[in-house]
Amino acid sequence: MTQAVPHLVNRLVIDTEDCFDDVRRRYESLVPAIDFAELVEVIATGDLARVQA
1 MTQAVPHLVN RLVIDTEDCF DDVRRRYESL VPAIDFAELV EVIATGDLAR
51 VQA
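Note that this note's numbering has the sequence shown beginning at 1, numbered continuously upward.
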């Protein structure tokens with residue numbers, strides 16, 4: 001079951017069979033690493049298509 005809990009932001013609560021650390025590790029393995037310095041440079045160009053890519 002998934003539910004939104006109103007707070008300063010909407011927080012999603014997702015029931016899983018795993019502990020938080022295992023879920024976080026699996027999630028982080030699927031999310032690409034971001035070079036923030038490079039991202040800032042791309043944002044500074046104003047090229048929205050490159051930022052989205």
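These are computed hints drawn from the structure, not numbers from a lab. For glycine and all other residues, C-beta sits at the position ideal for the given N, C-alpha and C. Hints may contain errors.
[Claimed, not checked] Beta-carbon label-pair distances, calculated as ranges:
| # | residue 1 | residue 2 | range |
| --- | --- | --- | --- |
| 1 | Glu17 | Ala49 | 23 to 31 Å |
| 2 | Ala4 | Asp47 | 19 to 27 Å |
| 3 | Ile43 | Val9 | 19 to 27 Å |
| 4 | Asp18 | Ile43 | 31 to 39 Å |
| 5 | Pro6 | Ala49 | 17 to 25 Å |
| 6 | Arg25 | Val51 | 22 to 30 Å |
| 7 | Arg50 | Asp15 | 19 to 27 Å |
| 8 | Ala49 | Thr2 | 15 to 23 Å |
| 9 | Asp47 | Thr16 | 33 to 41 Å |
Consistency of the hints with the structure:
1. Glu17 - Ala49: 23 to 31 Å: violated (40 Å)
2. Ala4 - Asp47: 19 to 27 Å: About 34 Å separates the Cβ atoms of alanine 4 and aspartate 47, which means 19 to 27 Å is violated.
3. Ile43 - Val9: 19 to 27 Å: holds (23 Å)
4. Asp18 - Ile43: 31 to 39 Å: holds (35 Å)
5. Pro6 - Ala49: 17 to 25 Å: violated (35 Å)
6. Arg25 - Val51: 22 to 30 Å: Distance hint for arginine 25, valine 51 holds at roughly 28 Å.
7. Arg50 - Asp15: 19 to 27 Å: With Cβ atoms ~38 Å apart, the hint is violated.
8. Ala49 - Thr2: 15 to 23 Å: The hinted range 15 to 23 Å is violated for alanine 49 and threonine 2, with Cβ atoms some 32 Å apart.
9. Asp47 - Thr16: 33 to 41 Å: holds (38 Å)
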